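Chemist: Top line first, the protein sequences correspond to chains A and B. End of the first sequence = 608 in my numbering, gap-free, step of one. End of the second sequence = 225 in my numbering, gap-free, step of one.
Source of the hints: derived by calculation from the structure; they are not laboratory data. This structure is a prediction, so every number in the text was calculated from the model and none was measured. Take the hints with a grain of salt, since some may be wrong.
Unchecked claim - Straight line, CA to CA, 25 Å or less: simulated DSS-like cross-link-like pairs of lysine-lysine: (1) A:175 x A:144; (2) A:222 x B:153; (3) A:495 x A:506; (4) A:132 x A:175; (5) A:408 x A:532; (6) B:172 x A:263; (7) A:392 x A:338; (8) A:144 x A:117; (9) B:172 x A:175.
These are the residues of each chain, in order.
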Amino acid sequence: MATSTPPHRPRRRLSVVGNQQPANGVAPLPPTTRTAAYRLIAVWGILVAGIGALGINLFRLQIVQSPSLTAKARDQQMTYLRPFVPRRAIVDRNGDVLAIDQAAYTLYAHPKLFKLSRQAVADRLATLLKRSSTTLLQQLQKADSGIQVEYSVSEDVADRIADAQIDGLELIKHQQRLYLQQDLAADVLGYVNTDRQGQAGVEYSQQTKLEREAQPVRLKRTGAGALIPDQLPGGFLRIDDLQLQLTLDMHVQRAARLALKQQVQRYGAKRGVVIVMDVQDGSIRALASEPTYNPNQYYKFNVELFKNWALTDLYEPGSTFKPLNVAIALETGAIKPDSMFNDEGRIFVDIWPIEDYDYSTVGGRGMLTVTEILQHSSNVGMVRLVQQMKPSLYYSWLEKLGLGQKVGIDLPFESATQLKTRKQFIESPIEPATTSFGQGFSLTPIQLVQLQAMLGNGGKLVTPHVVRGLFDASGQSYWQPDLLPPRPVFSPKTTQAVLAMMEKVVTNGTGSAAQIPGYRIAGKTGTAQKANPNGGYYKYAKITSFVGIFPVESPRYVVLAVIDEPQGDNAFGSTVAAPIVKSVIEKIIAIDGIPPNRVAPSPKPQ
Amino acid sequence: MSAGLKSEFAYPRRGTSQFATGYPIDSRRAVPPRGRSIAHSAAPSRTIEPHLPPVQPHTASPVRRLHSRPTPLWLQSLLALQRSSSVIAFFMVGGVLLLYGQTVYTQQLWNQEYQKLEQFQRHERQLTATIESLKNDIAQQAERPGMGFVTPSAANTIYLQPTSAAPIPASTPVPPFLPTEPMLPMGY
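Just chain B, with the same shape it has in the complex (with noise of 0.2 Å):
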């Protein structure tokens, strides 16, 4: 295990030398593989380490955009509409859940106003058998005798006599307006 922790050291600077030969900048290849290690372990012979440059500081090369190529369109159009259904989704999902909600919320309610209206149309039935029963046990007290109730009849009863629509004299002359006492103020 002593030699493969020796390859490893060996392998920045490897590394380094790759970095002039092109191969893309990968943060995950600073960390090596274990297997890697264990490989170059196998064969120490073909370490060319006495030939390299020495090893230069990482911020010595800019970090440049290796695929410059710039993405296609129909891959942009992908991800916009990746993007734009995502929102979508997002509202959708929003509003189904909104929607639901009413709903039950609406179920809810209509129970509760249900039961309202069976409990007025019961107090509509109570109310008005009550008022029925009232009026015939008061009526039944008034039969009996002694309780001071008065039946009508025609001898307790005023008729008048309807008077007979007077025509109205159509050409009565309208006295004029003759103030008999002086207008006078009624007092402030």
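In isolation and in its complexed conformation, chain A is listed as follows (with noise of 0.2 Å):
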């Protein structure tokens, strides 16, 4: 039994071959048995061979190519996300939006790339753009590809052409800066441009505030285009809420502009400027210049315009400066408010005559109190009145006021004031006589303003500014400027006793133009002869101005109109800017809601 077996079945199995042969008693292979082998071979050689080829492929891929298609996959899946950051807004004292950013498109065509013919797509995007498709067809045919069809497309329609799905169209993201009130405020706020750099005023001066900072995030993303974002970094889509408020107010501002407007078209003036300021910390409450621009199509329009002369250019002040010169020969001691002076009409220093602006009419006035001298502007009786003061005094009290110096305004291209040297006006007894009045120095309207504003909040030198600070939605201050303490330069007595003299120059002298009834105002007008760059004056040309402060029994407001070169016989700071403060402060009463001043006014408490 053991005998026969056990089977050792791989054994048999290997000699299942040997032993048939013997079996069939056939010696040779059989050819079938010979190809099954060739076979073999050949399929184990053409298996090895695609191997090796494989092997070679994957070195190609992986060793010679790898870097340019790594780079190749990387340009297709990653991708930057650009988040839309805008610059940030500013807004009024009310809140009100002044510019804000939105995104816009720029289209380009590329005819080339065209599927339709140029006729038909001129037509579809005509409809889309609402423009003629003629002259789209002629923009069309310029070139074959680059055309730039439109600067500024908005995003709803930039929506509408992407979903039209021509081809060859090309639409391109950036920022606007839009200016919602358009030329209103264009001299505070100044433009952006291309390059999303502030050219002037506030867009300029304040640029590091207004730009947010935000860098692209560089993001995987699927085939489809989603993106992964398992990339990003925290706070990746927090942007802070923060606007520049200004200390602006639209009301006021729209109110001042229009009455400028009306006033230097019916003079047909060169120009001219309203600045309304609160006397007690220099905020402006409104600045408008005439004429401006449209910020929002700034290349329009001459550059000439892009600068705010309010602060840049200068002018001599005239007889509004005359209430200064009272208020630093009242604080010197060198007058007493009941001083009084002789009026000649005409006098000469040196060689030089100098004479009242109605002494051809009126002649001398005789003795005049400083109200009177105010009231009339006397420029004789302002001669006689500094002549107190020694030039040297005189003129260290205009050093402190800061003439010769910027007011440090936070607006950008401010000009310093040129007053004489020392030595020119303490040697020429011409020079404090002139000052005197107004002339033979120069200043910028913010400078006067500044200087006005003096008398109003009891002598101290406040810093003009138009930038509140930056402030979240919900009104908490971020950052706010750093300004100058005020700095003390007049008494309040001093500024009691100019004030009353300038309320009697409204109520009954050379500003009655700016009366309002029940509402008690000090003014002054100003009328000066234009300087000649070449020296002298020009005999016609003239700039007219009138400031006004209010309410007087509790200062708030300065308002200073300045008009330059205004025509006809009858424009004088009287006549032409008068009206302008009148309008304005009238308005301010409106919105601030001012009651009227039913009692005659009680002499203050000095």
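Join these two chains into a complex; the hints should help.
Modeler: Below, the structure written as structure tokens:
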């Protein structure tokens, strides 16, 4: 039994072929077997060759072409996510938005990629862009590629163009600054150029406060183009909601601009400016220039308009400076409020004649009080008044007022005022004489406002400013400008005396055009001949102005209107500028709800 | 080949004798491999067929477990480990799939929400722009004469004198509530 077994199966199996041969009795391999062997070898060969080929390809892909393929893959998989980070908005003191950023698109056309005819594309674009298809077709025929069809396409229109799926069109996103009040506050706001750089106004001076920083984030994306947000840095979506708030009030600004525009047109004047400033803290509530420009289309305007001449251009203030001279004389003790001076109507200082503006009709007025000198705007009276002071002392006081320096406003390109040298001023008697009635030196309108504000706030020199600070949506302050603390120059007693005199100018003097029944307004007119840069004065060119401070019982605002070169014989500070100040004050009264003073003004305790 | 066939018939018979000798029963053995039968056919003289007892029916011998030795502990623990790890692997694969799905879904959701956010921000900007433009337009219209707008001024404003806060008399006796009319029900 045991001899027949056990069968070792593998061995037996191997012996199948060998055992079969003797059984068949055929010695050579049959042709089928040989073919099978060849076939095996062939299959093996093919497989090995295939593996080898795959290996070579692997080598090529992984090693030879690896860098370029990796780069290509990264290009397809990686994308930069550029969130829309707008430049901060600018709002006025009431929160009315003056400037915001919008996304806009530039539409390019590449006619060589068009699958439709140019005419068909022009027709379809015409309906989307609301333009005539003829002009569009002309544009499209200019080149084969890279035609800028339109620079600022709105987001909605861009969406519609994208939905139309016209081959050969390209939309490139960019940011665009939008000034919603058009030209209303252009002189303060300035504008932003295509490189996102502020070029004038607050946009220039507060560039760092307005810009938001945002780095584009590199993200992977899926084949369908969806973003894979796993590599987003924390706080990526958090954009602060800060806004730059100005001290401007668009209601007052609008009233100021309207009144100014009307007067400038009426008198055919070259230009004009109105400034409304809070006397207590120097915040500017309105600053309007005429002519002005629309910052949305700044490229269509003359470059000269981009400077704000209220702080860049110097002018001789004329009579509006007289109250300050009175204040200096009072403060130094050279005169008393009830001092009297002889107004001869015409005098000679050195060889120079000085006369009152109405000398030819009125002649000499004789003995005048200080109040009367201001009421009649007597030049001779002012010369006599200033002569009570030593020229050196007078000069020191002019310097103390800040003449010859900048006021430090937070708007760009401010000019420093011009004052003669101390030596020249002291040695030549004509210098103090002309300075007494506001000529022979020059300052900017903004500096005159700053100086006049002193008369309203008890003698402190405040810094004019337009920026209130950065505030978030809930009104929380984030940053506020560091302003110089008010510098006391005059005593409140002096300023109150001068203010009382200025009130008389309005109630019973040259400033009567600014009267508003029931309200106490102090003011002073100014009509100055324009200085010729080549020396002397122009005969007919004059600059008229009016400065008003109100309400006298508790001064809050100083309003200055300056009109450059009004035409006509009747163009004076009282006729051209005073009505502007009046209408601006009326508007402020209405906005702030300031009740009229029904009772007669009682003398303030000194 | 006929000899081969014959020997195949002989094989079960030989096989039955093997049951007795204690060889393990194997169902595969019941179908003999081809090679084996050929090997037998090569030596037919060795056949011991005539001495075999008559064929017993299969049912007659009871099926016994041949390896009665108990499975060793290490094998048991390995088997348990394999079984439990399979279960764990199954759940982990499920978890991974779930997590992957979740991730993809979240990303999709993020994309949707991000687009929504951008849309909202855009609407906010557009609304602000529209409101301010409208304000500006209305104000400009108001500036034109003959539009029927009245500018607020001191003349058309009514000023109310603030009432001076009168001091409340401290010791005013509160009059006792005395009904002047007979209290009647208001009606039902």
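Chemist: All the hints need checking, so say for each whether the structure fits it.
Modeler: Here is what the structure says about each hint:
| no. | hint | verdict |
| --- | --- | --- |
| 1 | A:175 x A:144 | holds (23 Å) |
| 2 | A:222 x B:153 | holds (20 Å) |
| 3 | A:495 x A:506 | holds (17 Å) |
| 4 | A:132 x A:175 | holds (20 Å) |
| 5 | A:408 x A:532 | holds (22 Å) |
| 6 | B:172 x A:263 | holds (20 Å) |
| 7 | A:392 x A:338 | holds (16 Å) |
| 8 | A:144 x A:117 | holds (18 Å) |
| 9 | B:172 x A:175 | violated (28 Å) |
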